[in-house]
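Undergrad: Here is what each chain is made of, one letter per residue.
There are 2 protein chains.
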Amino acid sequence: MMTPTTGWGTTTTLYGEGVARERLVVIGGDAAGMSAASGARRRKTVDELEIVAFERGNYTSYAACGLPYFVADVVDAIDDLIARHPDEFRDNQDIDVHMRHEVVSIDLDRRRVTVRDLEANAERDEPFDQLVIATGAVPRRPALERSDAAGIFGIQTVTDGAALRDYIVEQKPKNAVVVGGGYIGLEMAEAMKRRGLAVTIVDSGPQVMSTLDPDMGAMVGDAIRGLGCEVHTGTRVQAFETDSDSHVKAVVSDQGTYAADLVVLGLGVLPDVALAQAAGITIGITGAIATDRRMATNVAGVWSAGDCVETYHRVARRPVNIALGTHANKQGRAIGVNATGGHLTFPGVIGTAVTKICELEVARTGLTEREATAAGFEYVTATIESTTRASYYPGASPITVKVLAERGTGRLIGAQIIGREGAAKRVDVMAAAIWNEMTAEEFASLDLGYAPPFSPVWDPTLIAARRVDAAAAVSADDARARSLP
Amino acid sequence: MMTPTTGWGTTTTLYGEGVARERLVVIGGDAAGMSAASGARRRKTVDELEIVAFERGNYTSYAACGLPYFVADVVDAIDDLIARHPDEFRDNQDIDVHMRHEVVSIDLDRRRVTVRDLEANAERDEPFDQLVIATGAVPRRPALERSDAAGIFGIQTVTDGAALRDYIVEQKPKNAVVVGGGYIGLEMAEAMKRRGLAVTIVDSGPQVMSTLDPDMGAMVGDAIRGLGCEVHTGTRVQAFETDSDSHVKAVVSDQGTYAADLVVLGLGVLPDVALAQAAGITIGITGAIATDRRMATNVAGVWSAGDCVETYHRVARRPVNIALGTHANKQGRAIGVNATGGHLTFPGVIGTAVTKICELEVARTGLTEREATAAGFEYVTATIESTTRASYYPGASPITVKVLAERGTGRLIGAQIIGREGAAKRVDVMAAAIWNEMTAEEFASLDLGYAPPFSPVWDPTLIAARRVDAAAAVSADDARARSLP
Chain L
1306 MMTPTTGWGT TTTLYGEGVA RERLVVIGGD AAGMSAASGA RRRKTVDELE IVAFERGNYT
1366 SYAACGLPYF VADVVDAIDD LIARHPDEFR DNQDIDVHMR HEVVSIDLDR RRVTVRDLEA
1426 NAERDEPFDQ LVIATGAVPR RPALERSDAA GIFGIQTVTD GAALRDYIVE QKPKNAVVVG
1486 GGYIGLEMAE AMKRRGLAVT IVDSGPQVMS TLDPDMGAMV GDAIRGLGCE VHTGTRVQAF
1546 ETDSDSHVKA VVSDQGTYAA DLVVLGLGVL PDVALAQAAG ITIGITGAIA TDRRMATNVA
1606 GVWSAGDCVE TYHRVARRPV NIALGTHANK QGRAIGVNAT GGHLTFPGVI GTAVTKICEL
1666 EVARTGLTER EATAAGFEYV TATIESTTRA SYYPGASPIT VKVLAERGTG RLIGAQIIGR
1726 EGAAKRVDVM AAAIWNEMTA EEFASLDLGY APPFSPVWDP TLIAARRVDA AAAVSADDAR
1786 ARSLP
Chain U
1306 MMTPTTGWGT TTTLYGEGVA RERLVVIGGD AAGMSAASGA RRRKTVDELE IVAFERGNYT
1366 SYAACGLPYF VADVVDAIDD LIARHPDEFR DNQDIDVHMR HEVVSIDLDR RRVTVRDLEA
1426 NAERDEPFDQ LVIATGAVPR RPALERSDAA GIFGIQTVTD GAALRDYIVE QKPKNAVVVG
1486 GGYIGLEMAE AMKRRGLAVT IVDSGPQVMS TLDPDMGAMV GDAIRGLGCE VHTGTRVQAF
1546 ETDSDSHVKA VVSDQGTYAA DLVVLGLGVL PDVALAQAAG ITIGITGAIA TDRRMATNVA
1606 GVWSAGDCVE TYHRVARRPV NIALGTHANK QGRAIGVNAT GGHLTFPGVI GTAVTKICEL
1666 EVARTGLTER EATAAGFEYV TATIESTTRA SYYPGASPIT VKVLAERGTG RLIGAQIIGR
1726 EGAAKRVDVM AAAIWNEMTA EEFASLDLGY APPFSPVWDP TLIAARRVDA AAAVSADDAR
1786 ARSLP
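First to last, the protein sequences are chains L and U.
Position 86, counted from 1, in the first sequence is what this note's numbering calls 1391; the numbers after and before it change by one each time, with no gaps.
Position 263, counted from 1, in the second sequence is what this note's numbering calls 1568; the numbers after and before it change by one each time, with no gaps.
Put simply, identical chains are the same to the list, so a pair is met inside one copy or across any two.
With a straight-line cut-off of 25 Å between C-alpha atoms, the simulated SDA-like cross-links for lysine to any residue are:
(1) 1349 - 1783
(2) 1554 - 1464
(3) 1349 - 1784
(4) 1498 - 1538
(5) 1349 - 1780
(6) 1349 - 1713
(7) 1498 - 1470
(8) 1349 - 1776
(9) 1349 - 1778
(10) 1498 - 1701
(11) 1349 - 1775
(12) 1554 - 1445
It is worth saying that the hints were derived from the structure and are not from the lab.
Since we're looking at a predicted model, the values are computed, not measured.
In isolation and in its complexed conformation, chain L is listed as follows (with noise of 0.2 Å):
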């Protein structure tokens, strides 16, 4: 269904033999706001809509997940992380990039921003018929004193990666303490213990990887442990001692002081809403801007992606804001769809989500058992030991898998996978079920690829879906009725 473009704003120009063109303002040049870009730069040319972002930094459309690899060797130059440069979308596609650009205000009603240019330290303003809002997210800091001194950082950018490499490399720091033990936390814990630092990780949790349920995260832990790391959980941090040269030198916590000469944040980030408040852009309750399936504001004509949005948990039913690229992309592709007059939905997420840790391959996707129970689910569990290859096959490999069901219906509403090589991806499958809202009994029916090299011949998912249908049975009847696992 097409619904024409017209007139959002005020500054539609005549352009070249008198045809209407209209601008397109993106606020951000990362995975949202370029995705959204180049999505609506496919669908109307130049001479149809002009098309101009500013982004803050020195890069654009950078792979942030990719940092950890690069603090670590694993991935050479940090321009390997760099998927699209600015003057790739000033030549290719007609799209205006200014870097070092920062906009500093939205002014909703005159449909203008306010630019300042980091380098000329100049400010205009910039007219716009549609806006995108693609601020992304700032990483969350202790509400501490010297939480920003020499040798603490924040991993959300790409300059921040660059930055802790170089401070690596050239100030040789010995002793490095990860602050929070989440996704980023370990992979950063890993990358710097296999450059030869002593790493000490503090998570204020009973456990690390608190995205996963307790029994499974301590898997986790025993892997990061089995690094040499060493690992301080149910551990809060209280201050940062600093040297003369204002340089950290200790992280104290209330279970012991630990020396550092290098602290990474990985406490996760918090959406950077800071514009969109200020401009009377209405904020959901998770914190994040709040939009529609379209990715549409409150306000006509503006849009937003990315970390700065939130967006609907199909499992949990409720609003979440989860930072992750793989949404930023599809979240900023329906924008370049919607503000070009086409259609097309982002339906929300289900919590998907994967890491390798050493190598331990450490999957989740749907609801956890904290957030079944928060999201109000009665749930029943099953845990299962299987390998990722049939048992004789060489490389066949241990993988844990462990499943939720709503209790009655056996309806599937999470599943935690941890494993080696071939462990991580198989939830895939289970977000799929879970997305189409599956029954672990259906599931354990499903046609799924078996052959040696890669499956038992009950691939491990359908073991688990088993398990969890026997023992989602609400009465002894049901259980007999039901197919034993």
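Guided by the hints, dock chain U onto chain L, whose structure is given.
TA: What follows is chain U alone, placed relative to chain L:
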């Protein structure tokens, strides 16, 4: 729901303290039959149900799919391929397994089978209340003279595999010809090549791996040629030449004669329905035994599962006969439940299959182009190239994904994947999508696992879905409204 198991037959006996005990007889001791037996035992004690299984061969519950790896010496011992031995069934589950016992006829009126003890060369009758027919399949052999000459092997049972490996070790053949370039043919070709034989593959079709579309199959052909195998497609075998000892010495085709002191038949298998057919059990249009969703034949209390049955193809909406251990296990499991008063259906298949040829992982699910046409679909295709991991992450390797979608609706109806490590099992998420009748647009929004060691930010399957969604447009307007790839 419970359906009480009430007197199917006439042989229910008083047992022990006067409890009526039923008798379940299983014909065939491999995956389907023994899954049924085990499943039934998990639900009924030996006081409630006597379970007797007859297997004409020497092994129970073996992994026929593992035979190529045994022949290649990747798997050392034949015993590694045996999931469970007869003694384990007898000692742990009170399942009375009789090896080297061939059922030679079924008398449905008198509820008896006639069994020949192949060692004692004696026949006897055995009564049943319920019967499981799991007679499996037999290798398809060309209707040519001397096709059972010494040195010509069909590969279906563990006994076949052991005989082939013994032959290779003892006779030291130099030139192997594989007739048929499907899964088993190519896997065996690779196995023999790795053992140092010269290998020639002869296939009557225009390509090897005809279960894929020609464009995808060609990539597999290139891989097997790259390993040093000769491949002759469009080549029909016309005769086998033998020496004075009746050993095979050459394969004669319409394109030439190929020296061969070893021939492996990889022409697929035929369902072994002779017993069932003779007893009057309904055979379906595929030539395999017809059952309902519960795996019940047309005769009350007589069930069938495994390579000998036909099953419902959920996309093609017609019966198919597909010999795969994973289906056999699931079907057998359903019988175990249904024959003991429970209710469990086998809801059909969608044609998923995976294999590994050389370093190439090969996968398919749903329909190929030829199959889609035969099933009455108007379809579009998209084929994309991507990488198995983020392009900057070590070990990222090429992956090709081809998808088929129904024109107009965009419903996904087929997928084929070829690539290196990490490619094949991606077919599972496409299988789950096809199973749930997702459209390409819906699929492109799926929340799949993303991290650099596992995937580019857009998983290759998502990219393929985007492309085929655009291709599915039925008009220029429709194309414009759809998200462009």
